[in-house]
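Trainee: Take a look at the letters that make up each chain.
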Amino acid sequence: MMKFKSPPVNSLSLEFLTEFSISLEKLENNRACRGVIITSTLPKIFSSGLDITEMCGKSVEHYTEFWRAVQEMWLRLYGSNMVTVAAVNGSSPAGGCLVAMSCDYRIMAENPKFSIGLNEAQLGIVAPFWFKDTFVNVVGHRIAERSLQLGSLHPAPEAHKLGLVDELVPEEKLMEKAAAVMAQWLALPDHARQLTKTMMRKAVLDRLVAHREEDIKNFVTFVSKESIQKSLRMYMEMLKKRKS
Amino acid sequence: MMKFKSPPVNSLSLEFLTEFSISLEKLENNRACRGVIITSTLPKIFSSGLDITEMCGKSVEHYTEFWRAVQEMWLRLYGSNMVTVAAVNGSSPAGGCLVAMSCDYRIMAENPKFSIGLNEAQLGIVAPFWFKDTFVNVVGHRIAERSLQLGSLHPAPEAHKLGLVDELVPEEKLMEKAAAVMAQWLALPDHARQLTKTMMRKAVLDRLVAHREEDIKNFVTFVSKESIQKSLRMYMEMLKKRKS
Amino acid sequence: MMKFKSPPVNSLSLEFLTEFSISLEKLENNRACRGVIITSTLPKIFSSGLDITEMCGKSVEHYTEFWRAVQEMWLRLYGSNMVTVAAVNGSSPAGGCLVAMSCDYRIMAENPKFSIGLNEAQLGIVAPFWFKDTFVNVVGHRIAERSLQLGSLHPAPEAHKLGLVDELVPEEKLMEKAAAVMAQWLALPDHARQLTKTMMRKAVLDRLVAHREEDIKNFVTFVSKESIQKSLRMYMEMLKKRKS
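Each protein sequence line maps, in turn, to chains A, B and C.
When we follow full-length UniProt numbering, the leftmost residue of the first sequence carries the number 1, and every step to the right adds one.
When we follow full-length UniProt numbering, the leftmost residue of the second sequence carries the number 1, and every step to the right adds one.
When we follow full-length UniProt numbering, the leftmost residue of the third sequence carries the number 1, and every step to the right adds one.
Hints were generated in silico from the structure; no laboratory data involved.
Careful, some of the hints might be misleading.
Stated by the list, open to error - Keeping only pairs whose Cα atoms sit at most 27 angstroms apart, straight-line, the calculated DSS-like set for lysine-lysine is:
id, chain 1, residue 1, chain 2, residue 2
1, C, K161, B, K161
2, A, K177, C, K161
3, C, K177, B, K161
4, A, K202, A, K26
5, C, K26, C, K225
6, C, K217, A, K202
7, B, K217, A, K161
8, B, K202, A, K225
9, C, K161, A, K161
10, A, K177, C, K113
11, A, K58, B, K161
12, A, K202, B, K202
13, A, K202, C, K225
14, C, K202, B, K217
15, B, K173, A, K161
16, C, K202, B, K202
17, C, K173, B, K161
18, A, K113, B, K177
19, A, K217, B, K202
As the list claims (entries may be wrong) - Derived list of chain C stretches under chain B, where covered just means 3 residues or more per stretch with a C-beta under 8 angstroms from a C-beta of chain B:
id, region
20, 131-143
21, 181-188
22, 191-197
Nothing here was measured: the structure is a model prediction, and the numbers come from that model.
Where is the CB? At the ideal position from N, CA and C, for every residue including glycine.
So that you can see chain A by itself, here it is in the shape it has in the complex (with noise of 0.2 angstroms):
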């Protein structure tokens, strides 16, 4: 099991990605280990996403660090030969959601106030590729966009609707029930899963690793204009006061 613990809010700064790709690249060479579950230590949050403060006032060589160290989570843990199963105990907008999306089950506390979605477009910025063509996988086109443009964040009862989560438990029985499921995909052989598992994430998987540096010029040009920087310092400032 892999329990996210990055107060305040499990978010996925440039330390935090870095050390999540490598327990991956650890457990992924531990034969002893077939499977992981992905929950939060945190109350009330899963992962809030990716860190804003390492998107602003940063220099071109931060941005571009990260964004590989982002690039480099997903294509971890979308083509882990592991069985994973997110645990989502809390919400989980944007980067929190992509790591839900790329795991192989989803089970979410029943918690109307729990909401997990890709909001990026509400914060004036566009959600990658990766990311529509991971949503689009597990939602279909039209849920995606209708999703994505509005950037929804969806209470959990409607992300289990929309089939963004695979199911709702009571949250003390959250879990247990991810035990369950793992113990469920684990009585599968190995190889076979794997490889069905692959066959159906290759292409999406294929397509940023031949887009990889593009991607990053996109997204290092994309934040370095200053009326994204803008946005992101105005999001910030309303974080800080919602907090205060």
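Using the hints, position chains B and C against chain A.
Mentor: For chains B and C alone, kept in the frame of chain A given last:
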């Protein structure tokens, strides 16, 4: 707001399509206009689709010009940077369904007498590949495959269940609801929303752009066949009889 | 109508597949025959799928011939110009599910003891890419990903909920319903319906045609592995024990 008003049934004639495309272009270039609601001023009909008289007993040049106008309208509408909401206040077969499907959001009057669908197969003709691509993007492959083969016209409640329309409301609330949806979509920052829309629709738009002349040729060859001309004449006779 | 009758379980042996393909070809060339209902004369089983004895302890030449016959059957059935309706009157795992999915419409007896699905992963083998493509076309990417990885056999009510079958009817009404559905589909003009079907299925059919020899090679290499032979032998032992 754009109101279709071309009695008796808002059929998409060459003239109508040309005006529609010009209006869209003007609105697109008008920075004050960020969204458009498309509806009909006629009772019971949103749009009856392509005008069959344009396909019957005319010259190759006419067919060519007509089909290019159909393509042009779709390229502009499906690729519009504006928020596009269809307020479907009546039946909407074939090309009428295409117009609705090309918008960002579809609200339909919950009258089960109103139906919507790509019913080309019923007339012995085949929906072009880009009608099909648009349809698949909205309802998915399986529903599209069955519905296209049967040329189904889905009553409003069924269309809603299939995801062909997003929402049903009582007829008298239709415009009010459309305005509310528009306000919701316009609350998003334009730039991020537009780029997201482009990301979702580009592949399908590009496919027609790449095969535009070939698609015109196919249409002209198909519609020029004596057997198709006969089918269309019979269909028009039937419509005339039904009216009287 | 085509009735599978190959006791005890309609398994798709080389002989059965060859006869099936020849029958399809004959019907296809018979202009009086515009549609075919596929069902089973055996109780409780529609088809048990590929005959495992054909994959066990045989020569490379035999595996090659067998796999080519599986491909041939699917290319003919999925690409058929006829209306094809599956009247699924019993369980339908693996290749049996492929047969049903390749038809235009699936009606299943609403007996929850009957199940259907691509359960290859349970046997330690991987469904070929064109089984997967067919599956994705029917149920979409997400359901296919989960179901294929788990090798799920879905009881009839669940299969219906997932969209894997179109309709459930009481077992005694199955043939009556299949005939009614056939009549509905045959009411459409053949030519438009056939072109529409081709438009929907061509991409997936072409993909196998383009990779046919490679796919045979993959199958032969895979099935020749000692580990796979062992799995298959164990599975056959288990089936034998279950029977006695």
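Trainee: Next step is simple, just say for each hint if it's right about the structure.
Mentor: We went through each hint and held it up to the structure:
1. Between C:K161 and B:K161 the CA atoms are separated by roughly 13 angstroms; this keeps the pair inside 27 angstroms, and the hint holds.
2. With a CA separation close to 23 angstroms, the supplied pair A:K177 and C:K161 stays within the 27 angstroms bound.
3. The straight-line distance between the Cα atoms of C:K177 and B:K161 is roughly 23 angstroms, inside the 27 angstroms bound, and the hint therefore holds.
4. Among the hinted pairs, A:K202 with A:K26 is consistent with the structure: their alpha-carbon atoms are about 22 angstroms apart, no more than 27 angstroms.
5. For the proposed pair C:K26 and C:K225, the alpha carbon gap of about 37 angstroms is over 27 angstroms, so the pair is violated.
6. Of the pairs offered as hints, the one joining C:K217 and A:K202 holds, with about 20 angstroms between alpha carbons and a cut-off of 27 angstroms not exceeded.
7. Restraint check: the Cα-Cα separation between B:K217 and A:K161 comes to about 44 angstroms, which exceeds 27 angstroms; the hinted pair is violated.
8. A distance of roughly 24 angstroms separates the Cα atoms of B:K202 and A:K225; the hinted pair therefore holds under the 27 angstroms criterion.
9. With a C-alpha separation of about 13 angstroms, the suggested pair C:K161 and A:K161 falls inside the 27 angstroms cut-off, and the hint holds.
10. Distance hint between A:K177 and C:K113 is fulfilled; the C-alpha atoms sit about 26 angstroms from each other, no more than 27 angstroms.
11. Distance hint between A:K58 and B:K161 is unfulfilled; the C-alpha atoms sit about 48 angstroms from each other, more than 27 angstroms.
12. Under the criterion of a C-alpha separation no larger than 27 angstroms, the hint pairing A:K202 with B:K202 is consistent with the structure, at around 22 angstroms.
13. For the proposed pair A:K202 and C:K225, the alpha carbon gap of about 24 angstroms is at most 27 angstroms, so the pair holds.
14. As the CA atoms of C:K202 and B:K217 are separated by approximately 20 angstroms, the hinted pair is consistent with the 27 angstroms bound.
15. Of the supplied pair hints, the one linking B:K173 and A:K161 holds, its CA atoms being roughly 26 angstroms apart against a limit of 27 angstroms.
16. Between C:K202 and B:K202 the alpha-carbon distance is near 22 angstroms, which keeps this suggested pair within the 27 angstroms criterion.
17. Pair hint C:K173 plus B:K161 holds up; C-alpha atoms about 26 angstroms apart against a cutoff of 27 angstroms.
18. Restraint check for A:K113 and B:K177: satisfied, since their Cα atoms lie roughly 26 angstroms apart, inside the 27 angstroms limit.
19. About 20 angstroms separates the Cα atoms of A:K217 and B:K202, which keeps this hinted pair within 27 angstroms; it holds.
20. A stretch counts as covered by a chain when three or more of its residues have a beta carbon under 8 angstroms from one of that chain; for the region 131-143 of chain C and chain B the count is 5, and the coverage holds.
21. Counting residues of the region 181-188 of chain C whose CB falls under 8 angstroms from any CB of chain B gives 3; the rule of at least 3 is met.
22. Coverage of the region 191-197 of chain C by chain B holds in this model, with 6 residues showing a Cβ closer than 8 angstroms to a Cβ of that chain against a need of three.
Going down the numbered hints, you'll see the structure goes against 5, 7 and 11, while the others check out.
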